[in-house]
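Chemist: For reference, the chains in residue letters:
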Amino acid sequence: MNEREKGGVPDDALIRTTLAGDDGAFGELVERYKGRAFAVAVGIVGDGDDALDVVQDSFIKAYYKLKEFRFGSNFYTWFYRLLVNQAIDRWRKSARSAEVPFDESWLSEDASPPDSFAYPRTPEDLARDRELGDALQRAVDALPEIHRAVIVLREVDGMAYDEIAKVLGCSVGTVMSRLHYARGKLKESLRSHRDR
Amino acid sequence: MDCGTALKSMISKADGLLPRAEEAELAAHLAGCPACAAEDAAISATGPVLRALTGIRATEKAPALDAMRTRVRAGIEESREARRRTSWIARWAWIPAAVALAVSALLFYPSGTDRSPFHPTSFDVSVEDVESDVATVALVDKGEDLPRVIWIIEDAKT
Numbered sequence: 000m001n002e003r004e005k006g007g008v009p010d011d012a013l014i015r016t017t018l019a020g021d022d023g024a025f026g027e028l029v030e031r032y033k034g035r036a037f038a039v040a041v042g043i044v045g046d047g048d049d050a051l052d053v054v055q056d057s058f059i060k061a062y063y064k065l066k067e068f069r070f071g072s073n074f075y076t077w078f079y080r081l082l083v084n085q086a087i088d089r090w091r092k093s094a095r096s097a098e099v100p101f102d103e104s105w106l107s108e109d110a111s112p113p114d115s116f117a118y119p120r121t122p123e124d125l126a127r128d129r130e131l132g133d134a135l136q137r138a139v140d141a142l143p144e145i146h147r148a149v150i151v152l153r154e155v156d157g158m159a160y161d162e163i164a165k166v167l168g169c170s171v172g173t174v175m176s177r178l179h180y181a182r183g184k185l186k187e188s189l190r191s192h193r194d195r
Numbered sequence: 000m001d002c003g004t005a006l007k008s009m010i011s012k013a014d015g016l017l018p019r020a021e022e023a024e025l026a027a028h029l030a031g032c033p034a035c036a037a038e039d040a041a042i043s044a045t046g047p048v049l050r051a052l053t054g055i056r057a058t059e060k061a062p063a064l065d066a067m068r069t070r071v072r073a074g075i076e077e078s079r080e081a082r083r084r085t086s087w088i089a090r091w092a093w094i095p096a097a098v099a100l101a102v103s104a105l106l107f108y109p110s111g112t113d114r115s116p117f118h119p120t121s122f123d124v125s126v127e128d129v130e131s132d133v134a135t136v137a138l139v140d141k142g143e144d145l146p147r148v149i150w151i152i153e154d155a156k157t
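Protein chains in written order, with numbering that gives the first Met the number 0: chain A, 0 to 195; chain B, 0 to 157.
Just so you know, these hints were derived from the structure itself, not from any lab.
Be careful, since some hints might not be right.
Derived list of chain A stretches under chain B, where covered just means 3 residues or more per stretch with a C-beta under 8 Å from a C-beta of chain B [what the hints assert, rightly or not]:
hint	segment
1	34-43
2	53-64
3	131-137
4	176-190
Cut-off 20 Å, straight-line C-alpha distance, at most; resulting in silico cross-link-like pairs (SDA-like, lysine to any residue) [claimed, not checked]:
hint	chain 1	residue 1	chain 2	residue 2
5	A	Lys66	B	Arg79
6	A	Lys64	A	Asp52
7	A	Lys64	B	Arg83
8	A	Lys66	B	Glu76
9	A	Lys64	B	Ile75
10	B	Lys7	A	Gly172
11	B	Lys60	A	Ala126
12	A	Lys60	B	Ile75
13	A	Lys66	B	Ile75
14	B	Lys7	B	Pro18
15	A	Lys60	A	Lys92
16	A	Lys60	B	Ala73
17	A	Lys64	B	Arg68
18	A	Lys184	B	Ala34
19	A	Lys60	A	Lys165
Among chain B residues calculated to face chain A with C-beta under 10 Å, some are [claimed, not checked]:
hint	residue
20	Ala13
21	Asp14
22	Glu38
23	Ser43
24	Pro47
25	Ala57
26	Lys60
27	Ala63
28	Val71
29	Arg72
30	Glu77
31	Ser78
32	Arg82
Glycine residues also receive a C-beta, built at the ideal position from the N, C-alpha and C atoms.
Whole structure, please, built from the sequences with the hints as guidance.
Modeler: Okay, here's the thing in structure tokens:
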């Protein structure tokens with residue numbers, strides 16, 4: 000997961016260099032994690048511009064809290080905790096959080112879908128089916144923030160259950176239960192789209 | 000395998016927790032049950048579609064994401080400057096309070112009685128230049144002979 004495994008300068012070394020006064024080393028950490036951080040942030044806040052602000056604010060917060068980092072633990076787990084909290088705060092303050100209705104018709108189980116239906120699995124395919132993208136985003140937005148964070152960390156970032164539990168400060172069992180709930184809701188939106 | 004058990008297995012499969020032995024059993028059920036097969040397709044697609052959606056957003060914001068390092072550096076500088084200003088204010092905030100205290104002491108200093116040990120006839124309250132590293136607020140009894148410092152705060156330390 001971290002750069003030590005990929006053969007780069009270990010995160011710990013970059014943190015020590017930053018703490019010694021070299022801001023360039025922190026810039027390396029930003030480069031290293033900005034993509035993953037954005038993917039998680041946009042999954043939670045839903046809006047790209049808001050997600051960019053969340054990522055920027057989280058890195059700035061991390062910079063000033065860096066002296067609290069415990070060496071030996073994973074930087075990205077520590078950083079993701081800041082990031083997810085920042086994203087949830089941002090979502091709560093955004094107008095969108097009050098405006099997203101949960102359309103119960105997505106939960107319809109009655110229709111029998113055609114057998115040949117295939118869901119898009121790449122950005123290019125999904126871009127051609129904008130309605131599905133919008134429907135899924137509405138379903139994600141309708142999830143409680145903490146469930147949204149769980150499914151994004153698991154499905155988008157590929158985090159392990161125990162890592163998600165560390166980031167969110169809960170048990171692995173709670174992670175699995177929230178993931179089950181979130182997956183169920185998103186599945187219904189996909190079924191509903193397919194059944195139309 | 001019935002449909003209820005199959006649904007649980009599908010979710011376990013999506014979570015990567017379905018034992019290999021049960022995978023074949025689930026596959027056999029899905030082959031003969033179109034409704035469960037559709038359910039399984041939707042569950043299995045959740046992750047890929049979510050990643051695809053995120054991929055679209057990342058592509059849309061790629062230029063801004065490329066500039067993230069610069070944005071963060073600028074944000075840190077801005078924040079550092081704000082902290083510096085706040086710290087400067089906090090550092091010198093005691094001065095107005097000290098001046099007020101000195102003026103109060105001046106106003107209420109006993110007069111017309113024996114004012115041992117100082118016997119002041121005039122006072123001076125002074126604030127040194129706060130641009131230097133040390134600021135001093137002092138209440139001085141100028142007296143008739145040598146001036147006496149009644150009370151002094153230097154760099155927020157009495």
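Chemist: Could you run down the list of hints and mark each one as holding or not?
Modeler: Structure-based check of all given hints:
As drawn, the segment 34-43 of chain A meets chain B at 5 residues by the rule of a beta-carbon pair under 8 Å; at three or more, the given contact holds. Given as covered by chain B, the segment 53-64 of chain A passes the check, having 7 residues with a CB less than 8 Å from a CB of that chain where 3 are the minimum. For the segment 131-137 of chain A, the proposed coverage by chain B is satisfied: 4 residues have a C-beta within less than 8 Å of a C-beta in that chain, meeting the threshold of three. Under the rule that three or more residues need a Cβ within less than 8 Å of chain B, the assignment of the segment 176-190 of chain A holds, with 9 such residues.
Among the hinted pairs, Lys66 of chain A with Arg79 of chain B is consistent with the structure: their alpha-carbon atoms are about 16 Å apart, no more than 20 Å. Between Lys64 of chain A and Asp52 of chain A, the direct Cα distance comes to roughly 18 Å. Compliance with the 20 Å bound is thereby established for this hinted pair. Proposed proximity of Lys64 of chain A and Arg83 of chain B is supported: the alpha carbons are some 17 Å apart, at most 20 Å. A distance of roughly 18 Å separates the Cα atoms of Lys66 of chain A and Glu76 of chain B; the hinted pair therefore holds under the 20 Å criterion.
Straight-line distance between C-alpha atoms of Lys64 of chain A and Ile75 of chain B comes to about 12 Å, which keeps the hinted pair within the 20 Å bound. Only pairs whose Cα atoms come within 20 Å are accepted, and Lys7 of chain B paired with Gly172 of chain A is accepted, the gap being roughly 16 Å. Taking the CA atoms of Lys60 of chain B and Ala126 of chain A, the gap is near 15 Å; set against the 20 Å cutoff, the hint holds. Straight-line distance between C-alpha atoms of Lys60 of chain A and Ile75 of chain B comes to about 9 Å, which keeps the hinted pair within the 20 Å bound.
Of the supplied pair hints, the one linking Lys66 of chain A and Ile75 of chain B holds, its CA atoms being roughly 15 Å apart against a limit of 20 Å. Taking the CA atoms of Lys7 of chain B and Pro18 of chain B, the gap is near 12 Å; set against the 20 Å cutoff, the hint holds. Pair hint Lys60 of chain A plus Lys92 of chain A holds up; C-alpha atoms about 18 Å apart against a cutoff of 20 Å. Of the pairs offered as hints, the one joining Lys60 of chain A and Ala73 of chain B holds, with about 13 Å between alpha carbons and a cut-off of 20 Å not exceeded.
Note on Lys64 of chain A and Arg68 of chain B: the hinted pairing holds, with a Cα-Cα distance of about 18 Å set against a maximum of 20 Å. The straight-line distance between the Cα atoms of Lys184 of chain A and Ala34 of chain B is roughly 17 Å, inside the 20 Å bound, and the hint therefore holds. Between the alpha carbons of Lys60 of chain A and Lys165 of chain A the distance comes to roughly 19 Å, so the proposed pair stays at or under 20 Å and holds. Given hint, Ala13 of chain B at the interface with chain A, holds; its Cβ is 6 Å from that chain's nearest Cβ, closer than 10 Å.
This hint holds: Asp14 of chain B has a C-beta 7 Å from the nearest C-beta of chain A, less than the 10 Å allowed. With a cut of 10 Å, the hint placing Glu38 of chain B at the interface with chain A holds, because the nearest CB-to-CB distance is about 7 Å. Because the smallest distance between the Cβ of Ser43 of chain B and any Cβ of chain A comes to about 8 Å, under 10 Å, the interface hint for this residue holds. A distance limit of 10 Å between C-beta atoms decides the matter here; for Pro47 of chain B the minimum to chain A is near 4 Å, and the interface restraint holds.
Hint status for Ala57 of chain B relative to chain A: holds, with the closest Cβ pair at about 6 Å, below 10 Å. For Lys60 of chain B, the interface hint holds, since its Cβ comes within 10 Å of a Cβ in chain A; the closest pair sits about 4 Å apart. The restraint placing Ala63 of chain B at the interface with chain A holds, with a minimum CB-CB distance near 5 Å, inside the 10 Å limit. Because the smallest distance between the Cβ of Val71 of chain B and any Cβ of chain A comes to about 4 Å, under 10 Å, the interface hint for this residue holds.
Nearest Cβ of chain A to the Cβ of Arg72 of chain B: about 7 Å, under the 10 Å cut. The hint holds. Against a cut-off of 10 Å between C-beta atoms, the interface hint on Glu77 of chain B holds, since the closest Cβ of chain A lies about 9 Å away. Interface restraint check: Ser78 of chain B against chain A, minimum CB-CB distance 6 Å, threshold 10 Å, status holds. At about 8 Å, the closest approach between the beta carbon of Arg82 of chain B and any beta carbon in chain A falls short of 10 Å, and the interface hint on this residue holds.
In summary, the structure agrees with every hint in the numbered list given earlier.
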